[in-house]
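S.K.: Protein chains in written order, with my numbering: chain A, 1 to 222; chain B, 223 to 527.
One or more of the hints may lead you astray.
[Stated by the list, open to error] FRET-style restraints, in silico, Cβ to Cβ:
1. A:9 to B:306: 46 to 54 Å
2. A:172 to B:337: 51 to 59 Å
3. B:418 to A:33: 42 to 50 Å
4. B:293 to A:129: 32 to 40 Å
5. A:138 to B:477: 48 to 56 Å
6. B:506 to A:57: 55 to 63 Å
[Unchecked claim] Subject to a maximum C-alpha distance of 30 Å in a straight line, what follows is the list of computed BS3-like cross-link-like pairs (lysine-lysine):
7. A:191 to B:425
8. B:425 to A:173
9. B:471 to A:199
10. B:342 to A:199
11. A:191 to B:471
12. B:471 to A:173
13. A:137 to B:370
For the record, the hints were derived by calculation from the structure and aren't laboratory data. Note that CB positions come from ideal geometry on N, CA and C, so glycine has one too.
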Amino acid sequence: MIVAERKPLSEIINAVEKYDKVLVLGCGECVTVCMAGGQKEAKEAASAISIARKKAGKPVDVKAHTVERQCEFEYLESARELVEEADVVVSLACGVGIQTMNMHYDDMLTLPGVNTTFMGLPTQQGVWMENCLGCGKCVLEETLGICPIARCSKSMVNGPCGGSQDGKCEVSKETECGWHLIVERMMKFDKLSALEEVKPPKDWSTSHSGGPRKMVREDVKL
Amino acid sequence: MTLSNLQKALKSGEFIVTGELGPPKSAERDKIEHHGHLLGGVVDAINLTDNQTAIVRTSSVACGKILIDMGLDPVIQITCRDRNRIAIQSDVLGAAALGIKNILCLQGDHANFGNEPNAKNVNDLDSMNLIQTLKNMRDEEVFIGGEKLEAPIDICIGAVENPFADPFEYRAYRLAKKVEAGADFIQTQAIFDMDRFERWMEKVRELGIHKKVPILAGVIPIKSLGAARYMKNNVSGMIVPDEIIDRIKGAEKKKEEGVKLCVEMIEHLKTVEGVAGIHLMAVAWEEIVPEICERAGLLPRPKFD
């Protein structure tokens, strides 16, 4: 899933300072799951804006609403009335959702209320871990399901660097060394010899290095 | 083609000594020359670090040229951290054109550690790819993309290994892989935990790697208790046992104890089968290198023809 965190409320309040009618628009997908931009957070942000503006003597008309999925045009239609009434929209969706809003409601300004961080998984309540960089070329079969591109801080393709110690990455003792995990898993499945082969340089053209990516599936196009 | 002093030394079978010089955070040529003079004649070749610990310093290629001008033999370090494959291959050609023959391939410390923590780490290649790239440029005369070099280059390829990093069981195999990729010589991370180094060397010998490439064991003279503690606690991939800390702590003359310890380490390393020499990293204490080499019986350096 896409992981995001809500921007500090003070930042959101400052961003909408000059507007009289504000819509805080949540998204019912990933940001709801990671508790950054669902219905609850949209209401919280709207209340915070309202309280801050009252305190400042500049009351504001602020509404909170959540659509099922901000990253698709068709779901955005359900919010049309609220969007058209507002002076500005604060989107609590991920970066894709915010951009979809700005494309769909071209005459309305939609501002980001979250920082979109990464693609990852919730390992426990309140903890998310980056597991995929979306580089466009999975090698997970070669590394038995642990991604060296996302989980090695240096995205190395040929094993751990010299900074790996006690299973931790040199960047932080809080971070597991992805290659340490790969080596252990290789040993577990008696496949360590697979790491003897020198892997060639990674082809980064399928990642962002090839420019913004576009996928076309002719077979499913209408 | 003429060989670098290091290449001759590697062939000679003599106990090799390489030193290290950290380029300054300035464009002061005289500083590089000063340290070059201190190390010249005392070591067989001088490593020039490449933005060590991700701190911006004068480029290793530029410093290599300064040492060439002084008649010294540089080993320029190239890390994968700051350059993509275009820049790396370009720097290799540039270095070769300047008469620099020895290139040491490293991944590089993460930019997090340095003075530009917000930098983008490039890591287009990894250190293994880098070694293989240099070998292919030299032996096959091809760039990574497959295009041919317009003329051959003559370079000596170095690689590093860290016996103190984990997973320990994999480290000797990883070294074997670097040798397979094309390394002509190896320098190790600085040794303080001799037991672990010996265990690693056992595995290296078992795999026969020491017979394929000369392995230069890394040593660092400890200048102060603070330096020892810093290396123990803050330098990634380094193990400094408590006995070493205690020994420096208990010594009246800390610097002298550091030198003594370093000389003892070298004397010991001379006896380890498969160790072809040492790589002496003085880390801003270059002044002490001649004394250490003298006391460790490494001087005068043999002439290699």
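S.K.: Is 46 to 54 Å respected by the C-beta to C-beta distance linking residue 9 of chain A and residue 306 of chain B?
M.R.: 40 Å, violated
S.K.: Are the Cα positions of residue 425 of chain B and residue 173 of chain A separated by 30 Å at most?
M.R.: 28 Å, holds
S.K.: Please check whether residue 138 of chain A and residue 477 of chain B have a Cβ separation lying inside 48 to 56 Å.
M.R.: 54 Å, holds
S.K.: Given the hinted pair residue 191 of chain A and residue 471 of chain B, is their Cα-Cα distance within 30 Å?
M.R.: 46 Å, violated
S.K.: Mind checking the alpha carbons of residue 471 of chain B and residue 173 of chain A for me, to see if they're no more than 30 Å apart?
M.R.: 27 Å, holds
S.K.: For residue 137 of chain A and residue 370 of chain B, compute the direct alpha-carbon distance and say whether it is at most 30 Å.
M.R.: 27 Å, holds
S.K.: Within 55 to 63 Å or not, the Cβ separation of residue 506 of chain B and residue 57 of chain A?
M.R.: 59 Å, holds
S.K.: Can you tell me whether the CB distance of residue 418 of chain B to residue 33 of chain A sits inside 42 to 50 Å?
M.R.: 45 Å, holds
S.K.: Given the hinted pair residue 342 of chain B and residue 199 of chain A, is their Cα-Cα distance within 30 Å?
M.R.: Distance of about 23 Å is within 30 Å: holds.
S.K.: Within 32 to 40 Å: is that where the Cβ-Cβ distance between residue 293 of chain B and residue 129 of chain A falls?
M.R.: 54 Å, violated
S.K.: Does residue 191 of chain A pair with residue 425 of chain B here, judged by a C-alpha cut-off of 30 Å?
M.R.: With Cα atoms ~19 Å apart, residue 191 of chain A and residue 425 of chain B stay inside 30 Å; holds.
S.K.: 51 to 59 Å was suggested as the range; check whether the CB atoms of residue 172 of chain A and residue 337 of chain B agree with it.
M.R.: Given about 18 Å between the Cβ atoms, the range is violated.
Of the numbered hints listed earlier, those contradicted by the structure are 1, 2, 4, 9 and 11.
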